[in-house]
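A.B. asks: Below, each chain spelled out in residue letters.
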Amino acid sequence: MDLTPLAAGLAIGLGAIGPGIGLGIGVSKAMEAIGRNPESYNTLFVPFVLGIALTEAVAIYALVVALILVFVA
Amino acid sequence: MPNVTLSAERLFQIGPWVITNSLLGAVLAGIALVAVAIYVSRHVSAVPGRLQSVLELPFEFVYGVVRDQGGRTWRQMLPFIATVFIFLLVANWMGILPGVGTIGYYAEEHGERVLVPYVRAAAADLNFTLGLALISFVVFVYFGIKVQGVRGYLGELLAPQPRWLAPLMGPIELISNLSRIISLSMRLFGNVFAGEVLVLVLLVIGPMFIFVVSGLELLFGAVQALVFALLSMTYVVLATIEHAGEAHHENLEPAHGD
Chain A
1 MDLTPLAAGL AIGLGAIGPG IGLGIGVSKA MEAIGRNPES YNTLFVPFVL GIALTEAVAI
61 YALVVALILV FVA
Chain B
1 MPNVTLSAER LFQIGPWVIT NSLLGAVLAG IALVAVAIYV SRHVSAVPGR LQSVLELPFE
61 FVYGVVRDQG GRTWRQMLPF IATVFIFLLV ANWMGILPGV GTIGYYAEEH GERVLVPYVR
121 AAAADLNFTL GLALISFVVF VYFGIKVQGV RGYLGELLAP QPRWLAPLMG PIELISNLSR
181 IISLSMRLFG NVFAGEVLVL VLLVIGPMFI FVVSGLELLF GAVQALVFAL LSMTYVVLAT
241 IEHAGEAHHE NLEPAHGD
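Quick mapping for you: the protein sequence lines, in order, are chains A and B. If you read the first sequence in my numbering, its first letter stands for residue 1, the second for the next number, and so on. If you read the second sequence in my numbering, its first letter stands for residue 1, the second for the next number, and so on.
Calculated from the structure, these hints are not laboratory results. In this text, all values refer to a predicted model and were calculated from it rather than measured experimentally. Idealized CB from N, CA, C, for every residue including glycine. Among the clues, some could well be false.
Pairwise CB distance ranges, derived in the manner of DEER restraints [stated by the list, open to error]:
#	chain 1	residue 1	chain 2	residue 2	range
1	A	K29	B	R42	44 to 52 Å
2	A	G13	B	V34	38 to 46 Å
3	A	L10	B	T5	21 to 29 Å
4	A	I34	B	R113	51 to 59 Å
In silico negatives: residues of chain B with every beta carbon more than 12 Å from chain A [said to hold, decoys possible]:
#	residue
5	L11
6	L23
7	S45
8	Q52
9	F137
10	K146
11	A159
12	L168
13	G170
14	R187
15	L203
16	V212
Covered by chain A, according to a simulated footprint, are these stretches of chain B (three or more residues, beta-carbon under 8 Å) [unchecked claim]:
#	region
17	189–199
18	228–236
Between the sequences and the hints, there should be enough to build the whole structure, so can you do that?
C.D. replies: See the structure below:
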């Protein structure tokens, strides 16, 4: 029995848990900060996008593993 | 239906150079940029017309960000950051155009008839993103050496203060610097390739939702271009920071006080 699709599904599924929580925390804090102090939007924007990108990168690694499992292995 | 392959498909060969459809996508994006740039620079005016205003938008945006956050070498690195941003913006958005990834010819592969598209989104090929990440790596090492000197930069990298932690921190710094190449390239490739796959899957299960996903792809393409440019900028800033002395504390200040 070929378990490769299962492995790919598990890789992206489990790999998305952490970044999902992390993105939620990050975005909620940024929204909170903008809500409290709307002028902080301009200073927040770049660090916010960078933080989101770095958090999301973890999920992308899992995605790349899953894609390699499906299309290469 | 179009097939999904992880690597870009080979179209033809000129001497030793294999031309893949992703390379064609990158070249087309470059040609489009150069053509528009030549046309607009001929018709440039102090009061920008409609086309000129639209084309100035992304540059003004990245100019503002680099000026405000780019540290002390922002002026020297602006051309690189802006080029990366605008090129990736065009290359990513080109992948959403109808026909890119869907118009092609049929080829026999492992006894199956598969569609090989003529043009593929440039960043949906790891070679392209890895090349960009390597350029970005060379650029931030170059700026680090230019600002701090060879001894200063490599010393900071391999034997950071405090000295007694150097055996631990040196390798960590080195690995974290090298891993930037992997993370930069994998992030861009993963996002764009996943977007392509998502559009293809949706094309099969529910073509009426394709507009929603195309809209999302516009957003993701712009965000990924921005992220690549911003991270390149941040790496240059990190490489040119004076670690010893007040400069470091100065940089930390805004985080605490308000």
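A.B. asks: Check the structure against each numbered hint from earlier and tell me which ones fail, lowest number first.
C.D. replies: 14
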